[in-house]
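Got chain A; can you put chain B on it based on the hints?
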Amino acid sequence: DAGVTQSPTHLIKTRGQHVTLRCSPISGHKSVSWYQQVLGQGPQFIFQYYEKEERGRGNFPDRFSARQFPNYSSELNVNALLLGDSALYLCASSYATPSEQFFGPGTRLTVL
Amino acid sequence: ELKVEQNPLFLSMQEGKNYTIYCNYSTTSDRLYWYRQDPGKSLESLFVLLSNGAVKQEGRLMASLDTKARLSTLHITAAVHDLSATYFCAVDTPGGTSYGKLTFGQGTILTVHP
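Which chain is which? The protein sequence lines are A and B, in order.
In terms of our numbering, the first sequence is residues 18 to 129.
In terms of our numbering, the second sequence is residues 4 to 117.
Looking at chain A on its own, in the form it has when it is part of the complex (with noise of 0.2 Å):
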């Protein structure tokens, strides 16, 4: 069975640009969580939706947005970009809420 599977792998962009980050969730999956881990720390919550409704959001700036589609799959948007934004966006999905959350390899975003 395909895991968690997030695109781009990698992307480069510049301080004042947008980025979108995608995640499709394991079959049957109903609830996406996005998280973010900046090198040598521990992976921070940003957001979780369930059933395509917002369930929580974390201590971030409103440049970072975030849905889901009726497939569950997740987009995180984020504006603006700061050089700290700079980080691995790592995705999880989970059944339902609360289960067992399975993490996706990530996207490392490198903001110059």
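Hints listed in this document are in silico derivations from the structure and should not be mistaken for laboratory results.
All values reported here derive from a predicted model rather than from experimental measurement.
Don't take every hint at face value.
Among chain A residues calculated to face chain B with C-beta under 8 Å, some are [stated by the list, open to error]: (1) S48; (2) G59; (3) P60; (4) Q65; (5) R72; (6) G73; (7) F77; (8) S82; (9) L107; (10) Q118.
Using N, Cα and C, we set each Cβ at its ideal position, and we do this for glycine too.
The following block gives chain B in isolation, referenced to the frame of chain A:
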């Protein structure tokens, strides 16, 4: 605000030795997860601990949860080089629709030497 602290943050072990990683958290929760991360890779789920007194074992790793003490431990038995990685504990925010927001510890970088 839920805080999760791991110690030690760095652990250098000899092969064959035993050691324990500790994970303390600040507010009541009955759901705790342990993950492994290899350099440049994503998170691999190791253990899911869902109740007080839960103990899980897989190979040379054993995890336990004491919800009253707000403490989880990850015990390594007879370490081998393949266990070298970063280990994270993550605590689920308790209650209703708040579940699913994981708060991670800082991670423990484990290096196993011959």
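Check the structure against each numbered hint from earlier and tell me which ones fail, lowest number first.
Violated hints: 7 and 8; rest satisfied.
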